[in-house]
Each structure stands twice: as C-alpha cells, then as structure tokens.
Amino acid sequence: MTRKPRYVWLADQLRAPILRGEMPPGTRLPSRTRLARSYRVSEQISRTALRLLVTEGLVEARPGSGYYVRDTPDVFRICRTDSTSGSGLGRLAREPLGTEQEPGETPVVERLGLREEEPVYRTTSRGLSAGRPITLHRSWEPAALTVGTLRTPFDAASDAGLLERLGAAGYPVDRVVEEVGVRVLRESEAVLLDSAAGIPVLVVERTHYSGNRPVETSDLIGTADQCRLLYKLTLARPRPRGRP
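In the UniProt record's numbering, the protein residues as written are 1 to 244.
Treat the hints with caution; some may be incorrect.
Stated by the list, open to error - Beta-carbon label-pair distances, calculated as ranges:
1. 117 with 38: 52 to 58 Å
2. 177 with 31: 45 to 51 Å
3. 205 with 40: 44 to 50 Å
4. 68 with 224: 17 to 23 Å
5. 27 with 205: 36 to 42 Å
6. 19 with 154: 27 to 33 Å
None of these hints come from the bench; they were simulated from the model. The beta carbon of each residue, even a glycine, is placed where N, CA and C say it ideally should be.
Starting from the given sequences, assemble the full structure and let the hints guide the process.
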C-alpha cells in the first residue's frame with residue numbers, strides 16, 4: 001500500500017473532528033508551529049495541510065489571526081434551462097454594475113468571431129443573497145451589432161431582455177451553447193465577489209447565436225462550494241410497442 005504524504009495524513013487528523021462536529025464553526029485551529037510540534041512534522045507540512053483544508057472549504061484563513069472552522073455555506077441552485085435565456089439566478093437578486101465599451105481581447109474575440117481589439121460592450125452584474133455577492137456575471141457583445149441605434153446596452157430600456165433587444169436590432173437569437181468548467185478566481189473577480197483570489201469557482205460560458213453568428217457571450221462565475229447548476233431535460237416519450 002502506498003504511504004500517504006505527511007501533509008495528507010495531518011489533514012486527515014484535523015478533518016475528522018471537524019466532520020464529527022467536535023470542532024464547530026468558528027473554532028480556531030492550532031497554529032502552524034503548534035501543529036508541527038504536536039504531530040512532530042515540519043511547519044511546511046502543517047502549512048500545506050491547513051491549505052488543503054482551506055481548498056476543501058472546511059477551514060478559512062483569516063490574515064493576522066489564524067485558521068478557523070468555516071460555517072457550512074448555503075447552497076444556491078442556478079437554473080440553466082430558463083425559457084428566456086436570461087441570467088437564471090434563481091433566488092438571487094440581480095445587481096447591475098454597469099456597461100462599458102472596450103476593445104475586445106482574447107478569449108472574448110475568439111468566442112465572438114471578432115478581430116483583436118474590435119469594440120465590444122461589456123456588461124457586469126452580480127447575484128446577491130441578503131446583500132452578499134454570490135455570483136458574478138459578465139457579458140460581451142459586438143458593438144457593431146447595435147451601434148448608432150437605441151438597441152445598445154446603454155440605450156435600451158432597463159427591463160428589455162437580451163433576446164428582445166437583439167431581435168429588435170435584426171439579430172434574432174435561435175441557439176444557445178453553454179460550456180461549464182472549473183478554474184481559480186482571478187484578482188479582478190475576487191474584488192467584485194468580496195472573496196479571495198485563487199479559490200475554485202464554477203464558470204458557465206454561454207454564447208448566443210443568430211444563425212451561425214455569435215451575437216453575445218458571457219461568463220457566470222460562482223464559488224464551487226456554494227453554487228450548483230440545475231439542468232432539467234425533457235426526453236421524448238418512447239412509443240408503445242406494437243404501434244408504428
């Protein structure tokens with residue numbers, strides 16, 4: 001049998017009482033130095049073990065204070081089968097943060113089939129629960145589609161949906177493609193989510209098409225320990241036997 005690395009073994013010793021409820025949320029864990037002495041390991045091993053528990057979502061690091069057992073986070077289910085192709089935030093409240101025109105950069109221009117630095121409209125919003133940010137939503141669309149009209153994200157009515165707005169501009173959306181992945185939270189995103197850069201997040205890349213032309217693409221970002229993506233699929237009913 002392969003022997004466990006020492007930091008994994010130490011993380012096991014700390015994880016077990018947390019999961020048994022012997023160390024309730026808010027409990028301060030021993031310092032790295034104290035752990036190293038108690039378990040006869042190096043401080044590097046105790047540091048790595050604590051970081052592993054942080055990655056698992058069981059422990060949080062408080063700068064200048066130490067490591068503490070985390071509260072069990074609420075789980076938010078985000079429906080991805082909405083009929084209007086909106087944000088699908090469920091019980092989260094949407095907080096618009098504004099729209100800006102900017103030169104398109106990779107990978108956005110690749111997803112939209114544009115040239116590098118071709119102008120795009122970037123719109124940002126957050127999903128809130130009790131005033132606390134849970135998700136971040138960023139969308140981009142080619143400025144050329146609606147520039148000079150009243151259908152840009154700047155000019156359209158606040159209650160106008162994406163499908164309605166682009167359809168009125170002559171680009172009816174008839175297809176949506178989503179790709180789901182996991183990556184770490186970037187610094188600029190962490191600021192908007194009041195979180196720490198480097199933690200794992202779910203990312204839903206959604207692209208709207210009018211025919212074969214991508215007309216909008218977006219990222220929905222949520223922490224992996226709090227967000228679940230809910231898909232409901234309708235299947236064709238099987239034909240009864242004996243019927244043509």
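To see whether the hints hold, each was checked on the structure:
| no. | hint | in the structure |
| --- | --- | --- |
| 1 | 117 with 38: 52 to 58 Å | holds, 57 Å |
| 2 | 177 with 31: 45 to 51 Å | holds, 49 Å |
| 3 | 205 with 40: 44 to 50 Å | holds, 47 Å |
| 4 | 68 with 224: 17 to 23 Å | holds, 20 Å |
| 5 | 27 with 205: 36 to 42 Å | holds, 38 Å |
| 6 | 19 with 154: 27 to 33 Å | violated, 50 Å |
Violated hint for the displayed structure: number 6, the only one.
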